[in-house]
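Protein chains in written order, with numbering that gives the first Met the number 0: chain V, 0 to 343; chain C, 0 to 343; chain P, 0 to 343.
Treat the hints loosely; a few may be bogus.
[Said to hold, decoys possible] When the alpha-carbon atoms are kept at most 25 Å apart in a straight line, the in silico BS3-like pairs for lysine-lysine are as follows:
1. V:Lys335 <-> C:Lys198
2. C:Lys97 <-> V:Lys335
3. P:Lys97 <-> C:Lys335
4. C:Lys198 <-> V:Lys97
5. P:Lys335 <-> C:Lys335
6. V:Lys335 <-> P:Lys335
7. P:Lys198 <-> C:Lys97
8. P:Lys335 <-> V:Lys314
9. P:Lys97 <-> V:Lys198
[Said to hold, decoys possible] Which residues of chain C face chain P? A few of them, derived with a C-beta cut under 8 Å, are:
10. Ala56
11. Ser57
12. Tyr84
[As the list claims (entries may be wrong)] Derived list of chain C stretches under chain P, where covered just means 3 residues or more per stretch with a C-beta under 8 Å from a C-beta of chain P:
13. 31-38
14. 88-101
15. 155-166
16. 213-221
17. 235-248
18. 300-310
19. 323-329
Hints are computed from structural coordinates only; laboratory data are not their basis. Keep in mind that this is a model prediction, so the values were computed, not measured. In this text, a Cβ means the ideal position worked out from N, Cα and C, and glycines have one as well.
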Amino acid sequence: MDGKAAGHRLSGLAARFGLDWRGEDVLLQGVSTLQAAEPAPGSLAFLANPAYRRHLASTRAAAVLLHPAEAAVCPVPVLLSDTPYASYARIAALFEPKPNRPAGVHPSAVVDTTAQIDPSAHVGAQAVIGAGSRIAARAVVGPGCVVGEDCVLGEDCELVARVTLVRRVRLGRRVLVHPGAVLGADGFGIAVEGGSWLKVPQLGGVVIGDDCEIGANTTIDRGAIEDTVLEEDVRLDNQIQIGHNVHIGAHTAMAGCAAIAGSTRIGRWCLIGGGAGIVGHISITDRVSIAAMSLVTGSIEQPGEYASGTPLLPKRQWRRNAVRFGQLDRIVRALKTQEFVPHD
Amino acid sequence: MDGKAAGHRLSGLAARFGLDWRGEDVLLQGVSTLQAAEPAPGSLAFLANPAYRRHLASTRAAAVLLHPAEAAVCPVPVLLSDTPYASYARIAALFEPKPNRPAGVHPSAVVDTTAQIDPSAHVGAQAVIGAGSRIAARAVVGPGCVVGEDCVLGEDCELVARVTLVRRVRLGRRVLVHPGAVLGADGFGIAVEGGSWLKVPQLGGVVIGDDCEIGANTTIDRGAIEDTVLEEDVRLDNQIQIGHNVHIGAHTAMAGCAAIAGSTRIGRWCLIGGGAGIVGHISITDRVSIAAMSLVTGSIEQPGEYASGTPLLPKRQWRRNAVRFGQLDRIVRALKTQEFVPHD
Amino acid sequence: MDGKAAGHRLSGLAARFGLDWRGEDVLLQGVSTLQAAEPAPGSLAFLANPAYRRHLASTRAAAVLLHPAEAAVCPVPVLLSDTPYASYARIAALFEPKPNRPAGVHPSAVVDTTAQIDPSAHVGAQAVIGAGSRIAARAVVGPGCVVGEDCVLGEDCELVARVTLVRRVRLGRRVLVHPGAVLGADGFGIAVEGGSWLKVPQLGGVVIGDDCEIGANTTIDRGAIEDTVLEEDVRLDNQIQIGHNVHIGAHTAMAGCAAIAGSTRIGRWCLIGGGAGIVGHISITDRVSIAAMSLVTGSIEQPGEYASGTPLLPKRQWRRNAVRFGQLDRIVRALKTQEFVPHD
């Protein structure tokens with residue numbers, strides 16, 4: 000649990016975020032889960048996922064943030080929100096300790112003489128900033144980051160640590176990139192010539208809209224000719240792979256290890272499950288949800304939920320059914336000709 | 000083959016590890032595989048996987064480490080072990096050249112004044128150690144590593160190179176972390192508010208038990224409120240993704256590219272196959288094995304082996320069966336109503 | 000669009016690459032796609048993928064590179080090639096701006112006194128070169144790279160940025176490695192001993208042939224005893240995982256997020272789709288194509304295309320069929336005994 004010594008009164012949080020509250024006006028010094036809250040120091044727990052409702056009756060939190068419909072059975076003071084998870088996000092930010100990222104360039108950083116660093120920006124230890132790159136006001140380049148040539152970090156961007164922007168990567172405002180992410184590496188372009196592969200030069204860049212978040216060890220390749228584009232407020236988890244010339248619409252969110260092959264276009268407000276794959280050169284419309292580890296092999300024109308794969312089974316049972324999968328067409332065709340005669 | 004000039008006599012290895020041996024007391028200057036051993040310098044090969052038994056008769060190794068049941072047909076001196084692979088691991092360590100990691104902080108490293116570094120620890124070139132972090136006796140922080148704020152490395156830990164511990168990451172003793180791994184990045188927490196995403200602050204940490212090993216480019220997110228936890232002796236291969244608040248029981252091993260979504264609890268001695276995915280908010284009991292690239296979508300209460308997916312087939316054959324998969328429910332229901340009439 | 004001020008005449012490109020051309024001898028200052036070409040400055044577009052043929056009639060490119068069979072309907076001057084994608088690759092390279100990587104070692108780099116750096120090689124900012132490593136003529140070690148002990152970079156190799164070669168990694172000539180890649184980390188070798196795991200020392204190296212390309216955040220483990228090997232001209236996309244002792248034949252190409260487990264042998268000219276998995280200790284012959292996200296669980300002796308998995312379906316429809324998959328063996332056996340009696 001994180002907290003500040005001073006803390007916040009329940010009434011104060013309610014006033015600040017325009018919420019109702021009931022019960023004793025307790026002092027809250029941090030946030031917690033329903034099940035792990037300790038009596039001291041007093042903490043605010045929250046209920047947003049019904050799966051955790053069973054912990055409500057026994058919570059030792061000083062207060063609970065929840066939907067009004069859940070308030071009746073809560074044994075402690077409540078803070079009421081129609082969107083408890085979003086309200087939790089706002090309140091938890093008050094308790095978040097912020098690491099010290101002072102304005103200025105760390106003496107160990109190496110900054111090209113043609114780079115422009117706003118005086119309010121922070122460039123951390125061992126960072127490298129390449130020729131022609133520009134770091135805007137209040138942006139943070141964390142320790143060990145490499146920003147290559149001709150890159151732009153908009154205002155209030157943060158590269159947490161050890162991020163690489165290879166070349167021609169332009170980030171909007173408030174873009175947050177986690178460690179190990181690589182933006183702007185060459186896309187995978189090869190052509191056969193005379194019995195071996197020939198590399199196809201990758202000349203485009205990467206353009207990331209405002210308020211995007213890019214997870215740890217995620218990779219977003221530069222375009223082959225035009226740019227790879229993420230519109231605003233796209234949210235990518237860890238270890239995602241985005242091929243060259245992909246275009247992702249605003250507000251789309253992708254869970255860990257998903258991958259999109261080159262030149263595919265994803266709509267707005269799509270939800271891509273963990274480990275899902277989307278082949279290249281197709282188009283997915285807005286508000287499409289793809290289940291975890293599904294493979295999308297063609298364009299999708301209707302919003303909705305899609306899935307592929309088979310259910311998990313005990314291995315012996317799985318193997319018997321998997322064998323039948325390999326016979327399926329033959330079985331169905333045999334049925335049509337009534338080859339399936341009874342044994343007796 | 001690696002080796003030291005001096006080498007070890009077969010009798011000496013037997014005595015050191017409490018094993019029996021037979022044949023000539025050869026001098027061994029390294030380890031090798033059965034099939035690639037060269038006559039000089041003399042090397043010790045081993046047989047642990049029956050798939051390689053066919054190479055035994057023709058081996059040019061000076062001696063072979065194997066199970067007593069295999070010894071009769073071995074043409075060269077033998078070292079006998081009931082657990083030949085574990086014995087091989089012990090013996091091979093004698094021949095492993097150790098890179099030089101002297102105590103002290105490399106002059107190019109940047110260490111915050113509030114960090115505590117044990118005098119016997121090694122901090123390598125270009126490393127960064129953040130505020131409040133603590134590096135215990137004999138721990139190694141390899142070149143290019145970034146250790147953020149409030150992290151702990153226990154005794155004899157090693158971050159090989161270019162590892163990132165973002166914040167509030169506590170490693171037990173003898174934890175080994177390979178290059179590119181990122182521990183303690185923000186978990187993927189977002190809430191919808193007013194037509195866009197709102198980031199949910201990630202306030203927890205990561206706790207790694209004694210003797211864990213974390214593979215290259217693996218990511219382990221910090222908890223949302225409480226910690227993400229690996230108990231002791233958990234073994235993770237490369238490019239694994241562990242979401243926030245996951246809890247992994249002792250001795251569980253995961254192969255490359257597996258992924259566990261947030262708040263899921265994995266038991267002890269589980270074996271998770273390569274590329275397998277496990278959804279969030281579920282619970283897997285002890286001694287569960289998940290086949291490679293399977294997807295686990297619900298809790299598992301019985302130990303045993305589980306799988307999903309279909310077998311690999313030649314593509315034309317696969318396509319015909321895959322089409323039938325999409326008709327499966329309709330076909331079965333038709334069968335029940337005898338709609339499947341014979342053609343003649 | 001990238002370009003140089005001077006540009007190239009259509010006739011000049013034709014002469015240089017031995018191609019025919021027709022129409023006005025326009026000045027070309029860059030390359031573009033058919034659909035995004037702007038009238039000024041004049042650019043060369045190309046048509047290699049039939050899916051983009053519909054953009055030909057309306058292109059504003061100054062000229063188009065295409066197959067002679069497509070030339071009749073092209074509204075602008077043409078450059079003719081039987082292999083337009085390969086010709087595009089050659090021509091685009093003329094317009095590719097090359098970052099400045101001067102010979103010499105950046106003052107912030109840390110180079111072991113026993114390392115040998117050719118005077119024509121470039122070692123970038125914050126790089127680290129370990130004991131006994133050798134960097135050949137014109138090789139580039141980009142910013143933030145860590146080259147460990149006993150590594151070799153052949154002539155004209157490039158580690159773009161933040162690449163790690165852990166130990167005993169030998170690259171041939173003209174090998175290109177993208178950021179975040181980790182070559183030579185320990186393979187995943189563990190043995191059970193006395194109720195816990197014992198690490199099996201990893202003593203081998205990694206050998207990469209001439210002209211290989213390794214994508215961002217890809218990992219290639221060192222061999223357990225012998226080396227992990229990529230023959231010449233192997234092309235790996237991003238986030239690929241190659242286990243210890245894998246051997247990949249010349250000219251094989253793998254798309255993003257594919258993974259090969261330990262000791263597997265892949266032939267020449269194989270094409271491994273994105274996210275595909277190949278288990279350990281098997282052998283795949285030459286010219287095998289594996290579809291995206293397929294799992295290969297046994298050796299493949301016949302060239303050809305292979306796939307596993309099920310088609311993507313709307314989720315409700317998918318769920319009904321997935322349930323039937325779990326009943327498949329029981330259904331087929333029931334059919335054989337005519338248990339499937341009609342309802343009336």
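**Asked** Quick one, are Lys335 (chain P) and Lys335 (chain C) close enough, alpha carbons at most 25 Å?
**Response** holds, 14 Å
**Coverage criterion applied to the region 323-329 of chain C (partner chain P; beta-carbon cut 8 Å; 3 residues)** = holds (count 5)
**Item:** 25 Å Cα cutoff - pair Lys97 (chain C), Lys335 (chain V)
**Value:** violated, 68 Å
**Prompt:** Hint check: is the beta carbon of Ala56 (chain C) less than 8 Å from a beta carbon of chain P?
**Reply:** violated, 20 Å
**Message:** If you count the residues of the region 31-38 of chain C with a beta-carbon closer than 8 Å to a beta-carbon of chain P, do you get 3 or more?
**Reply:** holds (count 3)
**Message:** Verify this for me: three or more residues of the region 155-166 of chain C with a beta carbon less than 8 Å from a beta carbon of chain P.
**Reply:** With 3 residues closer than 8 Å to chain P, the region 155-166 of chain C meets the three-residue bar; holds.
**Request:** Have a go at the Ser57 (chain C) hint: is there a Cβ in chain P nearer than 8 Å to its own Cβ?
**Result:** violated, 17 Å
**Request:** Three residues minimum, CB to CB under 8 Å: does the region 88-101 of chain C make the cut for coverage by chain P? Let me know.
**Result:** holds (count 8)
**Request:** Go check the region 300-310 of chain C versus chain P for me, would you? Three or more residues, Cβ under 8 Å, otherwise it fails.
**Result:** holds (count 3)
**Item:** Pairwise hint evaluation, Lys335 (chain P) against Lys335 (chain V), where the allowed Cα distance is 25 Å at most
**Value:** holds, 14 Å
**Request:** Quickly compare the C-alpha distance for Lys97 (chain P) and Lys335 (chain C) to 25 Å and report which way the hint goes.
**Result:** Distance of about 68 Å is beyond 25 Å: violated.
**Message:** Holds or violated: Lys198 (chain P) and Lys97 (chain C), Cα atoms, limit 25 Å.
**Reply:** holds, 15 Å
Violation of the numbered hints given earlier is confined to hints 1, 2, 3, 10, 11; the remaining hints are satisfied by the structure.
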